Amino acid sequence: MSDLSFPTDTNQQMSPNTQLGYSALSYQGDFVSAASSRGRLVLEAKNLTKVYKLGFPSKDYISAVRNANIALYEKSVVALVGESGSGKSTIASLLAGQIPKTSGEIVLNGNSVNVKSNRKFRAYKSEVQMVFQDPFASLNSIHKVRHHLKRPISIHQPHLKKSAVEKEIYSLLHQVRLLPADQFIDKFPYELSGGQRQRVAIARSLAARPKVLLADEPVSMLDVSIRLEVLSLIDDLRDRFNLAVLYVTHDIASARYFADETVVIYGGDIVERGPSEDVTQNPAHPYTQLLVSAAPNPDDLGGSIRNAKLTAGTTKPRQTESALTSGIGCRFTPRCPFADRKCEEQFPPLVTISENRQVACWHIEQSLPNVSFKKISPKSQSTAEITLQGAHSAFGSEHTGSNHISHNVSDQFDTDGHSKTSQPAVPERDSEDGTVA
Amino acid sequence: MQKLFTNIFTTKKSKNLLLEMSSSDQVDPNASVLSIENFSIAYRSESGDVKATDHVSLDLKRSEILGLAGESGSGKSTLAYGACRLLRSPAIITGGKVTYRGRRAPKDGVEITALNAKQLKQLRWREISIVFQSAMNSLNPVITVGDQLDDAIRAHLPMGSAARKEKAGLLLDLAGIPRQRLSSYPHELSGGMRQRVMIAMALAVDPEIVIMDEPTTALDVVVQREILTQIIEIKNQLNFSIIFITHDLSLLLELADRIAIMYAGKLLEVGSAKDLHYKTAHPYTEGLLGSFPSLTGPKKALAGIPGSPPDLRTLSTGCPFFQRCRHSSSACKSITNDLINVSKEVEVLHLTACPFHPDPGSDKRWKAPDLVDSTVNFQAHAAGEQDASQKGFVL
Chain A
1 MSDLSFPTDT
11 NQQMSPNTQL
21 GYSALSYQGD
31 FVSAASSRGR
41 LVLEAKNLTK
51 VYKLGFPSKD
61 YISAVRNANI
71 ALYEKSVVAL
81 VGESGSGKST
91 IASLLAGQIP
101 KTSGEIVLNG
111 NSVNVKSNRK
121 FRAYKSEVQM
131 VFQDPFASLN
141 SIHKVRHHLK
151 RPISIHQPHL
161 KKSAVEKEIY
171 SLLHQVRLLP
181 ADQFIDKFPY
191 ELSGGQRQRV
201 AIARSLAARP
211 KVLLADEPVS
221 MLDVSIRLEV
231 LSLIDDLRDR
241 FNLAVLYVTH
251 DIASARYFAD
261 ETVVIYGGDI
271 VERGPSEDVT
281 QNPAHPYTQL
291 LVSAAPNPDD
301 LGGSIRNAKL
311 TAGTTKPRQT
321 ESALTSGIGC
331 RFTPRCPFAD
341 RKCEEQFPPL
351 VTISENRQVA
361 CWHIEQSLPN
371 VSFKKISPKS
381 QSTAEITLQG
391 AHSAFGSEHT
401 GSNHISHNVS
411 DQFDTDGHSK
421 TSQPAVPERD
431 SEDGTVA
Chain B
1 MQKLFTNIFT
11 TKKSKNLLLE
21 MSSSDQVDPN
31 ASVLSIENFS
41 IAYRSESGDV
51 KATDHVSLDL
61 KRSEILGLAG
71 ESGSGKSTLA
81 YGACRLLRSP
91 AIITGGKVTY
101 RGRRAPKDGV
111 EITALNAKQL
121 KQLRWREISI
131 VFQSAMNSLN
141 PVITVGDQLD
151 DAIRAHLPMG
161 SAARKEKAGL
171 LLDLAGIPRQ
181 RLSSYPHELS
191 GGMRQRVMIA
201 MALAVDPEIV
211 IMDEPTTALD
221 VVVQREILTQ
231 IIEIKNQLNF
241 SIIFITHDLS
251 LLLELADRIA
261 IMYAGKLLEV
271 GSAKDLHYKT
281 AHPYTEGLLG
291 SFPSLTGPKK
301 ALAGIPGSPP
311 DLRTLSTGCP
321 FFQRCRHSSS
331 ACKSITNDLI
341 NVSKEVEVLH
351 LTACPFHPDP
361 GSDKRWKAPD
371 LVDSTVNFQA
381 HAAGEQDASQ
391 KGFVL
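Residue numbers (the working numbering), protein chains in the order written: chain A, 1 to 437; chain B, 1 to 395.
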């Protein structure tokens, strides 16, 4: 690792690896989104950035999203996964045109969009619609379902006559399977269950006949048993309406089932992206590994939680405001078991490790000790050649005994009072191949 | 005022303020701390009683984590709150009794359902404490965390101010929060930290039972994991019992010793996490288990549970899950919902309300009398009712 030279300018996220000096990574081709096979490109965000100014008296800025590149394709679902405060909802709001972007570009159907005037906003909205997290708050409680659907239809399809509008409302209710439609059309939101309300919200966003659906945690407020119905509904609608879907969630397990591509975001930076199955089964970035190990695992009966072993990384504080304001370095550094000086001082670029996977980490070779990167040829069609048995080494409970790697910043950040949990002896790290001896 | 509970630990004697409970005499691990027998609660309304909890019998053992799972409106919170007499009109207890048998309680237990207001005051917090749903918002925004902890301790324990302060500090240590946060106001803490403070508050006066009502629902997975690990760690130190209420069965399977599945105010299945997961004996549990995506193992078809819970005012006889059940037959309309033990091991209870459960370890065929082929029946149901959600969710 030490003999590699890294350029300091890291804005070019898509540049070939050779320029970045990753000699160990021999994949040279361009990155191709795992979602791109489904259909044509509809909405694209290029280097999307959002900076918030902190209020008086502070003069600091928080960059909530930095240089995010996201592409949404017809009939595809891209999942945006991260913890609260990671900026995933900000990206959805930026794409929806709800908040102005600081820099970067949003491209819809090949045209760069700059939503300034009301008229343009409305035209944009008829293509890009959003479904919100809380179905209890997003519907107006004094209006019936009919009103909620009638208004977007008359706004976005003004040419329709009264009878046609009524017909459209019924068809929408059929599409989201609120049946019999006669019964639901005259109900108030309070008469509906959470799942039914979210269906109304989805029907409302479909009323504009959009090309893109931005779903901001559409099921996190619903019961576990209802979630699946709503997700399978969206899954079904994307085929029928040729929708490009952005699915914002903190539940990485649902992304595995639902999304073509999973994009993991931490502190406003995209840290990993790739086909959902690959990302969830072989997480490459230490943060993705943490997310995967933290998700409830019903097959792990009486496992890691019950034995009350605090795994590395979980004892670290979350990103703080200061981490978001300081521009340099990897933002995951304080919680990362692999962090060193370089991580604090230099921002890791998003590196293409195979045709449709990218990771932003200086220490991929250590976080994925068993990967032999050299095996990946530029022409390889999948990541199948990568062998990743040790992918969970940092956080997985099954490896806590042997694969712990020391972290030099842990003590000063470990405020949880659990530094007492016995850390195993620091293993010697072989710097040549990045594996743990 | 007559003391209901003996104060067996005085603060002067006990050197470790927090561990006073666990240092006490060893007791039978199988003894139950809380027994709920035939307990029924109804919400009175003009259009009839809503039977939110209907003839529920449940035991909580010492230092056990009992999971209470079900959809919204299944009566799980009502059951737990009702057992502590925390509900007020229009909720009324229509039958049954709840007995508390903590170490400080009299030998034959205390019948909570028969206590008066003053006695309840002695019971609550000191014996049974609760971490409420959306607990992070139930801290007082204008009082510091330390003062709020102090308040709880002062109300229940005869301690001097220095000792109280020390105890509050110990509590924060336990919850994994730095001590200097005692002087913080709630808005200065993150959501996860506020949740930890709430857990520290619930443990402030060493209760024997802590009821946690969806304590991690508003948090994301990483914080959820941290807090659950913390809870288990504290539990292992202090030896209290937990009733953990949630709708997330995947979480409970990992966390709880025993799980009780509630639906429409009734218990449908009670058993160890392992039995519930691998020897599922009720279709509703099967539905719940099939409705969350798993991160490990091969992708499997997820079905979810079609439809929505029934109206509790107009509940007909028979199995309440009848309409949504994929294995249902006409015989289900006349079952009694009594819990049957299906466990083949001695001293292990695995109860189910479904008399047509498959034999454990068999081919998992549900055997309602006139159910010829469960798959055919399932498809017929799907066509007739909600076609949408029956579609297997495989991508």
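The hints are simulated quantities; they were obtained by calculation from the structure and are not laboratory data. Please read all numbers here as calculations on a predicted model, not as lab measurements. A few of these clues could be false.
Computed footprint of chain A on chain B, listed as stretches where at least three residues anywhere in the stretch have a Cβ under 8 Å from a Cβ of chain A [claimed, not checked]:
# : region
1 : 250-264
2 : 296-309
3 : 330-342
Don't be surprised by glycine CBs; every beta carbon is placed ideally from N, CA and C.
Inset, instruction - Establish whether the coverage given for the region 296-309 of chain B by chain A is satisfied; the threshold is a Cβ-Cβ distance below 8 Å, and no fewer than three residues must meet it. - result: holds (count 9)
Legend entry - Check of the region 250-264 of chain B against chain A for coverage (Cβ-Cβ below 8 Å, three residues minimum): With 5 residues closer than 8 Å to chain A, the region 250-264 of chain B meets the three-residue bar; holds.
Legend entry - chain A over the region 330-342 of chain B, status - at least 3 residues with CB closer than 8 Å: violated (count 0)
In summary, the one numbered hint that this structure violates is 3.
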